[in-house]
Amino acid sequence: MIGLLLLVVGGGAYLIASVALVRRSERRLGTGPDESGSPVALGQTGAAEISAFLDRMAAELRLPVADVAEVRAELADHLADSIASLEAEGFDMETAIREALGRLGPPAELGRQLRAAHQSTRRLLAGAGGGVFAAGGGFVLGYLGGMVLAILGVVAVSAVVALLAALGIHIPSILANDNGATVNSLLYATTLALAAAIATRYAVRTSAGLSRRAPRTVATFWAVAGALVFGWLAIFGMRGPQSWPGVAVELCIPVIAVASAFVRIERPMPHVGRWALIVAATSLVVLSLGVFAISGSSTSGSSTSGGALPSLVVCSEPDQSTSCGPDLHFDTVAPMAPAAWLPEGTFTGGGWGSDPASGGTRVDDTIGGQALSNWTDLRFEAWHGLPIDEPGPGGIDTRYSAPFAVQPAVLNGNDLTAVFHFERLRDVGSWCVVLTAVGPDGHRYRLDDGGGGSSYFNGSAWDWLTAPQ
Amino acid sequence: MTRGDGSAAVSPLADERKRVLAAFEDLGDESLTGPVIFRRTYERLTDAEPADRREAGTKPGDQSLLYPALHSLEADWMVHASWVSDSNGVRHRTYRKRRLLPQRLVGTLRS
Numbered sequence: 023m024i025g026l027l028l029l030v031v032g033g034g035a036y037l038i039a040s041v042a043l044v045r046r047s048e049r050r051l052g053t054g055p056d057e058s059g060s061p062v063a064l065g066q067t068g069a070a071e072i073s074a075f076l077d078r079m080a081a082e083l084r085l086p087v088a089d090v091a092e093v094r095a096e097l098a099d100h101l102a103d104s105i106a107s108l109e110a111e112g113f114d115m116e117t118a119i120r121e122a123l124g125r126l127g128p129p130a131e132l133g134r135q136l137r138a139a140h141q142s143t144r145r146l147l148a149g150a151g152g153g154v155f156a157a158g159g160g161f162v163l164g165y166l167g168g169m170v171l172a173i174l175g176v177v178a179v180s181a182v183v184a185l186l187a188a189l190g191i192h193i194p195s196i197l198a199n200d201n202g203a204t205v206n207s208l209l210y211a212t213t214l215a216l217a218a219a220i221a222t223r224y225a226v227r228t229s230a231g232l233s234r235r236a237p238r239t240v241a242t243f244w245a246v247a248g249a250l251v252f253g254w255l256a257i258f259g260m261r262g263p264q265s266w267p268g269v270a271v272e273l274c275i276p277v278i279a280v281a282s283a284f285v286r287i288e289r290p291m292p293h294v295g296r297w298a299l300i301v302a303a304t305s306l307v308v309l310s311l312g313v314f315a316i317s318g319s320s321t322s323g324s325s326t327s328g329g330a331l332p333s334l335v336v337c338s339e340p341d342q343s344t345s346c347g348p349d350l351h352f353d354t355v356a357p358m359a360p361a362a363w364l365p366e367g368t369f370t371g372g373g374w375g376s377d378p379a380s381g382g383t384r385v386d387d388t389i390g391g392q393a394l395s396n397w398t399d400l401r402f403e404a405w406h407g408l409p410i411d412e413p414g415p416g417g418i419d420t421r422y423s424a425p426f427a428v429q430p431a432v433l434n435g436n437d438l439t440a441v442f443h444f445e446r447l448r449d450v451g452s453w454c455v456v457l458t459a460v461g462p463d464g465h466r467y468r469l470d471d472g473g474g475g476s477s478y479f480n481g482s483a484w485d486w487l488t489a490p491q
Numbered sequence: 053m054t055r056g057d058g059s060a061a062v063s064p065l066a067d068e069r070k071r072v073l074a075a076f077e078d079l080g081d082e083s084l085t086g087p088v089i090f091r092r093t094y095e096r097l098t099d100a101e102p103a104d105r106r107e108a109g110t111k112p113g114d115q116s117l118l119y120p121a122l123h124s125l126e127a128d129w130m131v132h133a134s135w136v137s138d139s140n141g142v143r144h145r146t147y148r149k150r151r152l153l154p155q156r157l158v159g160t161l162r163s
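Going down the list, the sequences are from chains A and B. Quick note on my numbering: the first sequence kicks off at 23 and runs consecutively. Quick note on my numbering: the second sequence kicks off at 53 and runs consecutively.
Mimicking DMTMM-like on lysine to aspartate or glutamate, the simulated pairs with C-alpha atoms at most 25 Å apart in a straight line are: (1) Lys-149/B / Glu-126/B; (2) Lys-70/B / Glu-131/A; (3) Lys-70/B / Asp-103/A; (4) Lys-149/B / Asp-128/B; (5) Lys-149/B / Asp-103/A.
One side only, chain B facing chain A, incomplete, derived with CB under 8 Å: (6) His-123; (7) Ser-124; (8) Ala-127; (9) Asp-128; (10) Arg-145.
FYI, nobody ran anything at the bench for these hints, they're computed from the structure. As the structure is a prediction and not an experimental result, all values here were calculated from the model. Glycine included, each C-beta is placed from N, C-alpha and C at the ideal position.
Bound-form chain A, shown alone (with noise of 0.2 Å):
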């Protein structure tokens, strides 16, 4: 409870440290504060000269607006003084005109002299280490906005499809197919690829505003950073359900990422107000104490569904050449093994169930005393199953001729396992595990017939792009 006290305080001051660190740095990029504007009062012919001279002078600035605003003004400032100190001197009005600028030098030499004054190392550090700052809120934000906009969505979709019910129109559940892994992995996607582009965007326009600089001439460097990063994160580093489209929207992170520092990035970015940190910081007490609360109830993050270690079909045909109860065609797999080679009672127990070690399916069968010395080539072999979570009895997908994995049977002890990985195949769903082995006369048969269970990938972009079908 103090860690989470610790997380939502310590969250939330760095949001509104960030926040205040961006909009520090957007004032410095606007278009100035008020004192910027020209104190210059001349005369027509003056004020030309000196508004050509802080032309020359500005175009080799280079700097945020609101420095080039006070730079022209300061000198617009000098040059008044200068220009009335001459005159008080005896000095006609154009002779004190060319003599003030004379004074200040080249105008092209004097813009990159000041140039190089504000554009420091300590205030090129500065602005990264403030841009990787803000970036870090930007993200922050963005992921707590996106999630807000993805909860706001499927609000809205489920009124819309609760609506077109009521009027008879039924829609097709698209959760139904694949455990909503589809929803589930867009939602992901988005809401990372929103956070990527707000925390570039705040990383871009804080480190040009911290180092005085055009936003475009830093840019360059948030993008390749942003579009590494992000990049890798999306593609590499987070882990949870896969579609094509959510893998498709996080394969485009990091050209979001680069699209986010040029894109636009002269405008200011949209002004965060208290309201929206209200909302942020309530958003991230009710995540963490959603987070708290899943993490205290569950110790698994498996995919795999199906129930807990259940029993294995057990066959009381004294022949064993069929299936108990109704048919789950098992012929499919092989034959079931000749009662002659394999007596009743040599598997006494078995089933299924999240492997620690390694986060797959390990899959066992307990051998009861009898020893196995007629068979070779033991496995289990997975096979496609009809849906478990539908009405009927489930059992062999008829429509598959060969099992999409097969593991060969290690023995432990007493017990034959084997680990699948089905969180790292696509479109993997139900699926039953059948132990089979090669008989004296050379062919494959069925030991025993193992549970069934359905799985959904748990992996990154990249282990998605891999994955054997």
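Please build the complex by placing chain B on the supplied structure of chain A, with the hints as guidance.
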């Protein structure tokens, strides 16, 4: 408009920074505008011995490095700049030397 002949001033901007900082001596927390700072440095230079003036390598009236020096001092947190209005409502940018301790406190400690 160049500053000096190059033999005496290896880094003219560094020299100008020193002169500008020297202009703030004996001022306490008073803020000065750019033209006032320039006049103070110019007066100090004309008060100096001719040999020192040659060493400074400055041409009288040259202000080309005044604002680069002021702005680089501001970037290095050695002076603080702010805009103030005069009695006519015209705003001027003023500079004041940053100090580790307030001048009043330093005076109290010295006394």
